[in-house]
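K.L.:
For reference, the chains in residue letters:
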Amino acid sequence: MKIRQRYIASFSIIVVLLFVFGACQKHTLNEVLPVVQMTSVVKLGNDSVVVTGTVVTDNGGALGYEGFCYGTNPLPDITQNQKLFQTDSVHFSVHLYVNKDSTYYFRCFAANSFGYGVSGAMK
Amino acid sequence: MTKTRIYKSLSALVLFLWLGSAPALAQYGVQYSYLSPAGDNVYIFNPASGIALTYTTGVIDTSRTRFNFSIGYYKLSPTQDSFPNYRVSNGKLYPGYDIVKNFVVFPLSAGIEYHPFEGRLNPYVGIDLNVSIISYSYHDYIENLQNDDKSETDWALGLYPKIGLGYVINQNWLVAAGIGYNFELAGSSSANNQSFVKSFLSLSYYLSRPTAKQK
Numbered sequence: 001m002k003i004r005q006r007y008i009a010s011f012s013i014i015v016v017l018l019f020v021f022g023a024c025q026k027h028t029l030n031e032v033l034p035v036v037q038m039t040s041v042v043k044l045g046n047d048s049v050v051v052t053g054t055v056v057t058d059n060g061g062a063l064g065y066e067g068f069c070y071g072t073n074p075l076p077d078i079t080q081n082q083k084l085f086q087t088d089s090v091h092f093s094v095h096l097y098v099n100k101d102s103t104y105y106f107r108c109f110a111a112n113s114f115g116y117g118v119s120g121a122m123k
Numbered sequence: 001m002t003k004t005r006i007y008k009s010l011s012a013l014v015l016f017l018w019l020g021s022a023p024a025l026a027q028y029g030v031q032y033s034y035l036s037p038a039g040d041n042v043y044i045f046n047p048a049s050g051i052a053l054t055y056t057t058g059v060i061d062t063s064r065t066r067f068n069f070s071i072g073y074y075k076l077s078p079t080q081d082s083f084p085n086y087r088v089s090n091g092k093l094y095p096g097y098d099i100v101k102n103f104v105v106f107p108l109s110a111g112i113e114y115h116p117f118e119g120r121l122n123p124y125v126g127i128d129l130n131v132s133i134i135s136y137s138y139h140d141y142i143e144n145l146q147n148d149d150k151s152e153t154d155w156a157l158g159l160y161p162k163i164g165l166g167y168v169i170n171q172n173w174l175v176a177a178g179i180g181y182n183f184e185l186a187g188s189s190s191a192n193n194q195s196f197v198k199s200f201l202s203l204s205y206y207l208s209r210p211t212a213k214q215k
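In order, the protein sequence lines correspond to chains A and B.
Here the numbering used here is used: the first residue of the first sequence is 1, the next is one more, and so on.
Here the numbering used here is used: the first residue of the second sequence is 1, the next is one more, and so on.
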């Protein structure tokens, strides 16, 4: 009889603990979006630059795409002058030809199966 | 087999067993459940409450097993107002977002429970097979490509192993609590995976009094 009571008491504790454990979860999608940042913008001559971006973390989702966007406004839209690559490198670069009389701002981005992340702009 | 036919067949099976089985020591009940989404869904949906109507047969001979059936309802709410999304078309990535407007699930389940002790406190283990009909609507926006409201229906087949503990309040009423994990076995859409941890609390009514034999 005592063994049976112990079984039931142990079982009760397990059920209660699992019940409490199951109720404690809270996440958001931002936790699994890639995080990227601009690493450098290097001038090559008068009318071209090499821009480099870095994946800070893919947050667990395998990367499918990486790329850059740029324009003369301080925060260019992701679709503006976009250069897209189907890679998953930590560091990625592109050689771009630009107008020497304008000031350009560059951003990089990366996408995984959950969504995409965009960096701040670099002049 | 179409979703409608699966749904109708399972409904008919549950109804048949419900009405046709011997009522002795069977229980009708109401179950409150708390679902914590698992897998990728932890980022999309908040934990949610659900409700179900349950029917449990009496003990099958001396095997200490009971069959249980239920039909339920739960509604999942998104973790964010909108979710970033994108589409690649003609070598260009177009950003966008999805807004989940409504996401309701109707699970229909049948299972078996093993009750090693049939006293006032009766722990049990069990496993349910369930079919869920998932009805949802959302707004899908992709810059320059899409800006639509959509409604869809999916189905999912799941397996729910569980442990629980019942307490006989008196000769007619029983409360039970437990927890389990629902594994999705198959479904019409991988985006709506119905894997989750489900804890539950139920109140059941015995159709006839427990006998000495049952105890």
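One should not assume that every hint holds.
Computed spacing ranges between beta-carbons, pair by pair [stated by the list, open to error]:
# : chain 1 : residue 1 : chain 2 : residue 2 : range
1 : A       : Thr79     : B       : Ser82     : 17 to 23 Å
2 : B       : Gln80     : A       : Pro74     : 50 to 56 Å
3 : A       : Ile14     : B       : Ser49     : 21 to 27 Å
4 : A       : Thr87     : B       : Ser190    : 22 to 28 Å
5 : B       : Ser82     : A       : Asn46     : 40 to 46 Å
6 : A       : Tyr7      : B       : Ser190    : 47 to 53 Å
7 : B       : Ser82     : A       : Asn73     : 43 to 49 Å
8 : A       : Lys100    : B       : Asp149    : 43 to 49 Å
The following residues of chain B were derived to be distant from chain A, with all beta-carbon distances above 10 Å [said to hold, decoys possible]:
#  : residue
9  : Val42
10 : Tyr43
11 : Asp61
12 : Thr79
13 : Val88
14 : Pro95
15 : Ser135
16 : Asn144
17 : Thr153
18 : Leu159
19 : Leu165
20 : Phe183
For the record, the hints were derived by calculation from the structure and aren't laboratory data.
For each residue, glycine too, the CB sits at the ideal point set by N, CA and C.
K.L.:
Going through the numbered hints above, which ones does this structure break? Give me the numbers in ascending order.
P.N.:
2, 6, 7, 9, 10, 12, 13, 14, 16 and 19
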